[in-house]
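A.B. asks: Each chain, letter by letter, is given below.
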Amino acid sequence: MNTLEINNYTKIIKGAVILDNIDLKFQSGKIYGFVGYNGSGKTMLFRALCGLIKPTNGCVKYNSQILGKDISVIPKLGVVIENIGLYPEFTGLKNLQLLAGINNTISDEEIKASIRKVGLDPEDKRTVRKYSLGMRQRIVLAQAIMESPDVLILDEPTNALDEDGVNDIHRIIKEEKDRGCIVLIASHNRSDINGICDEIYIMDKGKCRFLKEDTNA
Amino acid sequence: MIDRRSFAKLSVWLVLLLVFDLTDILSIDRNAEFFRSSGYDAVDMFNHMEFGFSNFDTILIETVFFQTAFIMLFPLFAGQDISSELTVSATYYFTRRASRSKWYLKRVLMLFIKCMLVSFVACFINYLMTMKISENVQITPILCEYSIFCLYCFILTLAANIAAIFTGSIISVVISSVFHIMSILLLKSSTIFGRYNLLGNCVITLSSTANEFVIKLSIELSVAVIITVVGLLIIKNKELGLVNADQII
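Order-wise, the sequence lines are chains A and B.
Be aware that the first sequence starts at 1, since it is given in this note's numbering, and climbs by one per residue.
Be aware that the second sequence starts at 1, since it is given in this note's numbering, and climbs by one per residue.
Accuracy of the hints is not assured; some may be wrong.
Said to hold, decoys possible - Facing chain B, from chain A, some residues (calculated, C-beta under 10 Å):
no. : residue
1   : CYS50
2   : LEU52
3   : ILE53
4   : GLY78
5   : TYR87
6   : PRO88
7   : VAL140
8   : GLN143
9   : GLU199
10  : ILE202
No wet-lab data here; the hints were simulated from the structure.
Remember, it's a predicted structure, so these values are computed and weren't measured experimentally.
For glycine and all other residues, C-beta sits at the position ideal for the given N, C-alpha and C.
For reference, chain A alone in the conformation it holds in the complex:
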């Protein structure tokens, strides 16, 4: 069983406390939801968990190994971070091929399967620049799940999606959970994640508190 921990994590930038002594532990096969207003610190918390920022205090541990010290990155991590895009001049498939080429652990067929899984056509010749917002959201999710990650971090994955799109994303997230993945999902809209999370936390001004265990999950 994999565990992801964030221990007493504080991040201060230019005197502003962005993350305030966050202390959480996540386990395989569970979905953890984070809700909060825009600017509450959700995205920053996820960046911290990915190791993209350095803590002012505290640390992130994956299977008891400290991120940035014992390990450089979380192995098999799938990420969707808000407002971070892919190469707009390449097709969705080409973008995913480029990213898959970094670790080189999956075949083209597996990449195409993940694109189909999110409801897109891998043979689509349009570049990402010409994708709608919803299609971009789907292709970014495809890059996150294509390598069968052990940890899946999704920041506002249902943004710009219609009802069918949201249902598709929920279905995929549940499949990842059933596979044994640690899934973290953030949304400013609580209704987006209600019913799929095992635990829900609320973020406010950099602080995180437990809200409830979702019995519907």
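For chain A, the structure is supplied; the task is to place chain B on it using the hints.
C.D. replies: Showing chain B alone in chain A's frame:
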């Protein structure tokens, strides 16, 4: 990763460069006449076409400014290549592989290759022009000129990229242009301080300027290495996704 878009931009750039230098080729006879009447030889003219004109009349500074103006424009094409890649997809890249150094050095190498291409085209055109003036053109000064020119181009463009990583905007191009204008002014000042200007006048004659060339090459190499290392430290320590305090959450 092969960045086809930036290479496509480079192709456009090289075409523009050819068109730009076409005016020189068309006015070769007039230029040649000027150099002959002034008592300069073919190598002098070659030097003049790039950086070295310290012993020439200051009226030529304007000419040299236009001759080298395309360097000011080069960062417009390549001055944001590294920074835009960093902001576009580096998050997905760095969460898969932590070696930021490898990512950065690969892109610096690509940038250097682009600078080599641009410099090669520029120097080759001047080589052809020089051939028109004298049949006894030596290849060594041209190679010296090429190396100085290439490094200068690289320093300017890498500095623009590093500035763009900080600012995330086109301001890096403005900064590069300022650097370039400063260089031109340094060249101008060299007419006051003598032969030892910073960039040019390195190969007026082989025998008298070999040491000067080595000094200039060493300076440029050192600056290139320093800028590369500074960029590496910035990339390694940059907290991705943070632009300023207002955008952090």
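A.B. asks: All the hints need checking, so say for each whether the structure fits it.
C.D. replies: Here is what the structure says about each hint:
1. CYS50: 5 Å, holds
2. LEU52: OK, holds: A:LEU52 within 10 Å of chain B, min 4 Å.
3. ILE53: The hint holds - A:ILE53 has a Cβ within 10 Å of chain B, the shortest such distance being about 4 Å.
4. GLY78: 8 Å, holds
5. TYR87: The hint holds - A:TYR87 has a Cβ within 10 Å of chain B, the shortest such distance being about 6 Å.
6. PRO88: 8 Å, holds
7. VAL140: 8 Å, holds
8. GLN143: 6 Å, holds
9. GLU199: Violated, because the Cβ-Cβ distance from A:GLU199 to chain B comes to roughly 22 Å (cut-off 10 Å).
10. ILE202: Since the shortest Cβ distance to chain B is 15 Å, the answer is violated.
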